[in-house]
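Protein chains in written order, with our numbering: chain A, 18 to 246; chain B, 49 to 273.
No incorrect hints appear here.
Computed footprint of chain B on chain A, listed as stretches where at least three residues anywhere in the stretch have a Cβ under 8 Å from a Cβ of chain B:
(1) 135-141
(2) 148-162
(3) 173-182
Derived CB-CB ranges, DEER-like:
(4) A:L239 <-> B:L184: 54 to 60 Å
(5) B:V166 <-> A:V225: 52 to 58 Å
(6) B:V187 <-> A:A220: 44 to 50 Å
(7) B:R64 <-> A:D89: 39 to 45 Å
Don't read these hints as lab results, they were simulated from the structure. Ideal Cβ placement from N, Cα and C applies to all residues, glycine included.
Letter by letter, the chains look like this.
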Amino acid sequence: MTMKNGSGWLLPSLAGAMMIGALYLVFLWVPTERSMGIVQRIFYFHMPPFLVAVVAILVGMGAAIRYLMTKDLRFDEVAVACIEVGLVFDTMNLLTGPFWARPVWGIWWTWDARLTSAFVLWLMFVGYLILRQAIDEPHMRAAASAVVTVFQAVGAVIVYMANRLWRTQHPQPVIAGGEGSGLASPMWVALLGSLAAMLVVFACLVQVRRRLERLRRETEGLRREVHAL
Amino acid sequence: MEYLRAALAIARKDLRIERRSKEVTNAAFSFALVVLLLFSFTFDPSGEETRAMSGGLLWLVYSFAGVLVLNRSFARETANDSLDALVASPAPGGAIFLGKALANTVFLLGLELATLPVFGVFYNVRWDLNLGWLLLVFVLGTWGFTVIGTVFSAVTVNVRLREVMLPVLVFPITVPALMAAVQLTTTVFTGQPLAPEMVWIRVLVAFDLIFTLLAAALVEFVLVG
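With the rest of the complex left out, here is chain B:
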């Protein structure tokens, strides 16, 4: 209980900082729009085949914008040495990680939901066919991505070339979560039956569980050394 309270307090703190400063919000949202613009040059944006690759496009936008968000997650704490203060606080390392991951997930989900209608308009994709499932896929996929990203954000916080290091480390490991999210999102967008794709939901849940536990257990070593 104490553990969860500390995690929630840290998540609230991060979200409040972001709400007041809008430091990442504006940058990440504009970046997502830029990526959406660039995609329009790589293929015929009005074509029928766009729908078949819509899930992949969307998750590429999310992962690129997501890395921007994750890069700031721990870097934000380096000013005024607040990371040291955070580590020295009674909150255990796992709770700090969980709070940060929670804040990142909530923030990234907001960004995803804001980008979704724009994507639908730009690429003529019906995204509102099955909102319940779509939301579930978004939550599971985003959590998997942010869990890995938050730990590695802590690993790379004091490292040279941090901005490049994070995606190089994060993307290979998150491949399974991205594959599952892409597959399920495309299925929802194209209105195909979800039953044969249920195995991907299992992949996502297993991925999320395994890496959440691993991260909560190992993050202490990263933060304290």
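One chain only, chain A, in its complex shape:
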């Protein structure tokens, strides 16, 4: 393979170091929030994954557009890697949310704008991956999923905007606490530290998933050649 052995270790080691740093910031360094108490620390594992998921679908869309322009399957590898790893982060966001909401809001889930949008985004990621599974020919699969990604990325933005409109016109069952509003500066540090660590982990996983996609495609191609013989 063309990949150098040395460069393969740089990103994972950086990710590991940054994760330990982020854990230190979140659990030992940052002070406990006054009204919510210790449970508020979920925040640092809750919001960054959502931002990573948004980065994932945007980068995925960029790669998809590049594929449509060049028909180079390497961009398809990037796109699928972004979406699949993005799904993992969006799942993390959706799973950590209820554990925070239950003690603070008293409910596991509410159909507020952010929750609904995160769930719709999750369904989009899943739909994309299910579609890929159902197509065998690499270029057909790449073209179909690229077009779907572009639609989904644009759709996700509109879904979020429309949801804000929808929920402001209705009485809300709970007060959706504005997380970004009035954050103390040590909390910003912990939040950004966590976000930076997760972005590096994301990049790391995308690299691995990309390579896997290429190997998988090459194996498929070889198998087809064998069948042709």
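Fit chain B to the supplied structure of chain A, relying on the hints for placement.
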């Protein structure tokens, strides 16, 4: 002009096929009735609160029946390889898509208008309070739904499990259009003033415009590869 002529020709062709075969008409209309029946078990159908959720109920019926219609849109062309012939014809991909979307919209609108009185009778909803606005909402909402649905119908035409794939892909993206249509339809049914809801008309128009342009630009990649 050439573009629009080709689109209209394809729309006419699709509608003519449907008129003669009634392949989807019967199935989709009966399906809509079945869904209307099932709703009656989920809540008290004669209650006052039915009116408050009437728009949502109606659009659920339309989206479920709509997926049936959309699934057939491109699948119809797979027999005798007519999809290949269509792609090879001088009509550009965008025109093929536009024609198909037009035919689907007209067909779905017909289905919606046919189901509406039945819904009104079954659930005691006054649907004729403001027909002009209702029609506008139906046209805008249906167009938004079919634009996404037609593109994805082309994406999934040769795919395994096509019938499930289409709704899984289509519904999340059409959420804003459905929300707007539901909100406006309920407002019309309950006879409330429309002025505060005008923002939803804007949402629908913006949704329709953005996705029509996006679809017309991207569908070529789906059809030709």
